[in-house]
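Chains as they are written, first to last, in this note's numbering: chain A, 1 to 322; chain B, 1 to 421.
Don't take every hint at face value.
Below are the SDA-like pairs computed for lysine to any residue, each with C-alpha atoms no more than 25 angstroms apart in a straight line [to be verified]:
hint: 1; chain 1: B; residue 1: K174; chain 2: A; residue 2: Q182
hint: 2; chain 1: B; residue 1: K125; chain 2: A; residue 2: R64
hint: 3; chain 1: B; residue 1: K125; chain 2: A; residue 2: Q63
hint: 4; chain 1: B; residue 1: K174; chain 2: A; residue 2: P167
hint: 5; chain 1: B; residue 1: K169; chain 2: A; residue 2: F147
hint: 6; chain 1: B; residue 1: K174; chain 2: A; residue 2: W141
hint: 7; chain 1: B; residue 1: K125; chain 2: A; residue 2: H58
hint: 8; chain 1: B; residue 1: K174; chain 2: A; residue 2: V138
hint: 9; chain 1: B; residue 1: K174; chain 2: A; residue 2: F153
hint: 10; chain 1: B; residue 1: K174; chain 2: A; residue 2: W161
hint: 11; chain 1: B; residue 1: K174; chain 2: A; residue 2: P180
hint: 12; chain 1: B; residue 1: K174; chain 2: A; residue 2: I171
hint: 13; chain 1: B; residue 1: K174; chain 2: A; residue 2: F147
hint: 14; chain 1: B; residue 1: K174; chain 2: A; residue 2: L169
hint: 15; chain 1: B; residue 1: K174; chain 2: A; residue 2: E162
hint: 16; chain 1: B; residue 1: K125; chain 2: A; residue 2: T56
hint: 17; chain 1: B; residue 1: K125; chain 2: A; residue 2: D60
hint: 18; chain 1: B; residue 1: K174; chain 2: A; residue 2: W168
Because the hints were derived from the structure by calculation, they are not lab data.
The primary structure of each chain is shown beneath.
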Amino acid sequence: MSTALDRERRRHRRSRLSLGQRELIWAYVFLAVPLVFFLGIRIWPALQSFQLSLFTWHVDPAQREYIGFDYYRELLSESRFHRALLNTLLYTVIIVPVQLALGLAIALLLQSVDRFRPFFRAVYFSPYMTPAAAVAWVWGWMYSVNFGIINTFLIEWSIFWENLGLPWLAIPPQPFLTDPSQALPSVAAVVIWQHLGFQVVIFLAGLQGIPRTFYEAARIDGAGAWALFRHITLPLLNPVMVFSIVISSIASLQLFDQVVNINFTNQGGPLDSTLTIALYMYQEAFGRFRMGYAAAVTVVLFLLILVVTVVQLRLASRKVEY
Amino acid sequence: MIQFLRSLLATAALLVMAAAFAQPVEIVYWQYDYATRIDAMDQLIERFEAENPDITVRQETFPYDAYQQQVAASLPAGQGPDVIQLFYGWLPTWQRAGYVEPLPEQYFDTAELDEVFVPMAQAGKINGQYYGLPTAVRSLALFYNADMLREAGYEEPPATWDEFIEIAKALTEKRGPRFTRVGYGFAPTGQDHHLVREVLTRQFGTPPYNEDLTEVLYDSPEGLAAFEFYTSWATEHEIGVTSFVPGTDGYRNGFIQLENIAMIIDGSFAIGSVENGAQFDWRVAELPVLEEGGVKANFGSYWMNGLTPNAFEDERTLEAAAKFLDFVTQPESMELWLEVVGELPARQAMVDDSELASDPVYGPFIRSLAYATATRFVDETAQRDLMVRAMDRVILEGVDPAVAWEEAAQADQALLDQFSR
Numbered sequence: 001m002s003t004a005l006d007r008e009r010r011r012h013r014r015s016r017l018s019l020g021q022r023e024l025i026w027a028y029v030f031l032a033v034p035l036v037f038f039l040g041i042r043i044w045p046a047l048q049s050f051q052l053s054l055f056t057w058h059v060d061p062a063q064r065e066y067i068g069f070d071y072y073r074e075l076l077s078e079s080r081f082h083r084a085l086l087n088t089l090l091y092t093v094i095i096v097p098v099q100l101a102l103g104l105a106i107a108l109l110l111q112s113v114d115r116f117r118p119f120f121r122a123v124y125f126s127p128y129m130t131p132a133a134a135v136a137w138v139w140g141w142m143y144s145v146n147f148g149i150i151n152t153f154l155i156e157w158s159i160f161w162e163n164l165g166l167p168w169l170a171i172p173p174q175p176f177l178t179d180p181s182q183a184l185p186s187v188a189a190v191v192i193w194q195h196l197g198f199q200v201v202i203f204l205a206g207l208q209g210i211p212r213t214f215y216e217a218a219r220i221d222g223a224g225a226w227a228l229f230r231h232i233t234l235p236l237l238n239p240v241m242v243f244s245i246v247i248s249s250i251a252s253l254q255l256f257d258q259v260v261n262i263n264f265t266n267q268g269g270p271l272d273s274t275l276t277i278a279l280y281m282y283q284e285a286f287g288r289f290r291m292g293y294a295a296a297v298t299v300v301l302f303l304l305i306l307v308v309t310v311v312q313l314r315l316a317s318r319k320v321e322y
Numbered sequence: 001m002i003q004f005l006r007s008l009l010a011t012a013a014l015l016v017m018a019a020a021f022a023q024p025v026e027i028v029y030w031q032y033d034y035a036t037r038i039d040a041m042d043q044l045i046e047r048f049e050a051e052n053p054d055i056t057v058r059q060e061t062f063p064y065d066a067y068q069q070q071v072a073a074s075l076p077a078g079q080g081p082d083v084i085q086l087f088y089g090w091l092p093t094w095q096r097a098g099y100v101e102p103l104p105e106q107y108f109d110t111a112e113l114d115e116v117f118v119p120m121a122q123a124g125k126i127n128g129q130y131y132g133l134p135t136a137v138r139s140l141a142l143f144y145n146a147d148m149l150r151e152a153g154y155e156e157p158p159a160t161w162d163e164f165i166e167i168a169k170a171l172t173e174k175r176g177p178r179f180t181r182v183g184y185g186f187a188p189t190g191q192d193h194h195l196v197r198e199v200l201t202r203q204f205g206t207p208p209y210n211e212d213l214t215e216v217l218y219d220s221p222e223g224l225a226a227f228e229f230y231t232s233w234a235t236e237h238e239i240g241v242t243s244f245v246p247g248t249d250g251y252r253n254g255f256i257q258l259e260n261i262a263m264i265i266d267g268s269f270a271i272g273s274v275e276n277g278a279q280f281d282w283r284v285a286e287l288p289v290l291e292e293g294g295v296k297a298n299f300g301s302y303w304m305n306g307l308t309p310n311a312f313e314d315e316r317t318l319e320a321a322a323k324f325l326d327f328v329t330q331p332e333s334m335e336l337w338l339e340v341v342g343e344l345p346a347r348q349a350m351v352d353d354s355e356l357a358s359d360p361v362y363g364p365f366i367r368s369l370a371y372a373t374a375t376r377f378v379d380e381t382a383q384r385d386l387m388v389r390a391m392d393r394v395i396l397e398g399v400d401p402a403v404a405w406e407e408a409a410q411a412d413q414a415l416l417d418q419f420s421r
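Next up, chain A with everything else stripped away, as it sits in the complex (with noise of 0.2 angstroms):
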């Protein structure tokens, strides 16, 4: 009986609702659901993660050790911690200026052309769908010493201006990527190189966003291509600009698949040379089973990141005048 009257009540409670509220009901519940796997997914391991990294590490949770800030004081003064966390920042150095000044301009010049334009960005996109693994593998052969095309070329290069009696415009094989100090730049140049489609495409979505009255009415009053680009094109790409700029800071600051394949038998190496905060993080953890250490290392790469992205949109976005 008094089920009935209950289900009654129910009825009489949702039909006081208006049709908009229960439509945004059911909004909140769709995005429940992305929101409880995202808390799931990323949130709670992040937080168990900073958990992890006070304590030592065993199967048996029983078993660890409360350490408190013993790892992160570890932390600082391991050379190799040190190393990972330089070369991640000269990765983001290097990348994310180059990327984008070459994604800009590869994208005017796309914007310009006419024809074959649809083939052009497919060219310039397929590295991006690549599998890093297979691209690294690929510069890893090409960038070889011994075997490596670019060092053929270097080779016949130096060998035709010798010939014509240019010998200082020959340039000697390099060593790449079994190279100290050449295998970082060796290795941003790859990521740069497959990265690049992607920032192309940003870009000439931001670039047909402009409305071309604007270029029409500047030209009218008699501007040069130069201002155009400065004062119309630069300040009206200037959201693309940060979202491209955010986008690939995070993903050399995490940079990862491209360090482990390149160099398969000596991963970051030689001598640390490729090494990044991710890939220590992860031999740490999987090549030495020290789960506490290792999660200290993603707590700081975690913090790094959010500094690095506050500070980009804080000073990026700022208020253009045009």
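Chain B: place on chain A using the hints.
Just chain B now, with coordinates in the frame of chain A:
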């Protein structure tokens, strides 16, 4: 009514118990992904299940590069294997983190194991307790391309390192600044770090570590001489370069497929790959020595089968897991493993009376077992890295070998200290 219910309950309980006994126990076995190993294990499981109808074994494998990662993530979640194969060098780090448990005394008698297995199996012991047993063991030997050697006028493989250098030099070819063929396939991250740590140091007169693994001993004039000798192959004699052929197994691929590497030092586990891939007259020889009649040394290693905490969940699982572990380390299993995978048996009696000692391919490896040592690592990954670093410092950066060697010894000592603490 109550009477009826009670009898019903009793019947139900009986049925459940009967079902539990009739139900086969399932245990899970993990090893890394390698065609011949999987095949051999499948055959062993089939035999085992025929003998033990109440036990089923499920084999799961993962790519080598992701293996430790899978293990690290699964076991804390209460998932994963009951019986697991691990490289013996990983044992200390795994044991510390609780991924493997000591073999229970009621099923395994330590004194007996000491007796029947080859001495290197003792590297699977911590504090006097075994944590796992090998189905097979491996040693190192020199693989050489006999066609190339003959072409340069050498009928016999090198017996001493001086001969080795001489032959390697004769076979190394350069065009301009680039090597087109090398006499020796350098592999610092492959077997070379073992070669230096365990073989050359002993040949030059010092064991790498003391007995109770608290002290680095290679930090001595003899040890330094061994290291200087190895690096001189690259810096002075130029019989090869590191990363000559790109890739993890570049040195092996160069030897087998590209045929631009005349000699490599590799483990018996490489026999299968060479056999399947090499299209030339390849042969195997024991590792060279310093001088005729000089000290022989070799690096022995193995994958051991251990029990994870999962196996200890209940008595029936433990019994099944222990039975299976025992089964895969029986002589018949070792024979099958040798036949299918090509790895050497791990029981002393089988090594002693083996006809294999005179086999042209297995012979050098079997004979090497007599003087092979399995390095007692405390942290194989870190100890390999510091050795590779020392080599790179000298070969790539031109640092004085004495400086690089001292750095390695200090880093190594720090790891030992950390472990014994």
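Each hint, compared with the structure:
| no. | hint | in the structure |
| --- | --- | --- |
| 1 | K174/B x Q182/A | holds (23 angstroms) |
| 2 | K125/B x R64/A | holds (23 angstroms) |
| 3 | K125/B x Q63/A | holds (22 angstroms) |
| 4 | K174/B x P167/A | holds (22 angstroms) |
| 5 | K169/B x F147/A | holds (20 angstroms) |
| 6 | K174/B x W141/A | holds (19 angstroms) |
| 7 | K125/B x H58/A | holds (20 angstroms) |
| 8 | K174/B x V138/A | holds (24 angstroms) |
| 9 | K174/B x F153/A | holds (17 angstroms) |
| 10 | K174/B x W161/A | holds (22 angstroms) |
| 11 | K174/B x P180/A | holds (24 angstroms) |
| 12 | K174/B x I171/A | holds (19 angstroms) |
| 13 | K174/B x F147/A | holds (12 angstroms) |
| 14 | K174/B x L169/A | holds (24 angstroms) |
| 15 | K174/B x E162/A | holds (20 angstroms) |
| 16 | K125/B x T56/A | holds (23 angstroms) |
| 17 | K125/B x D60/A | holds (21 angstroms) |
| 18 | K174/B x W168/A | holds (24 angstroms) |
Figure legend: structure checked against the earlier numbered hints; every hint is met.
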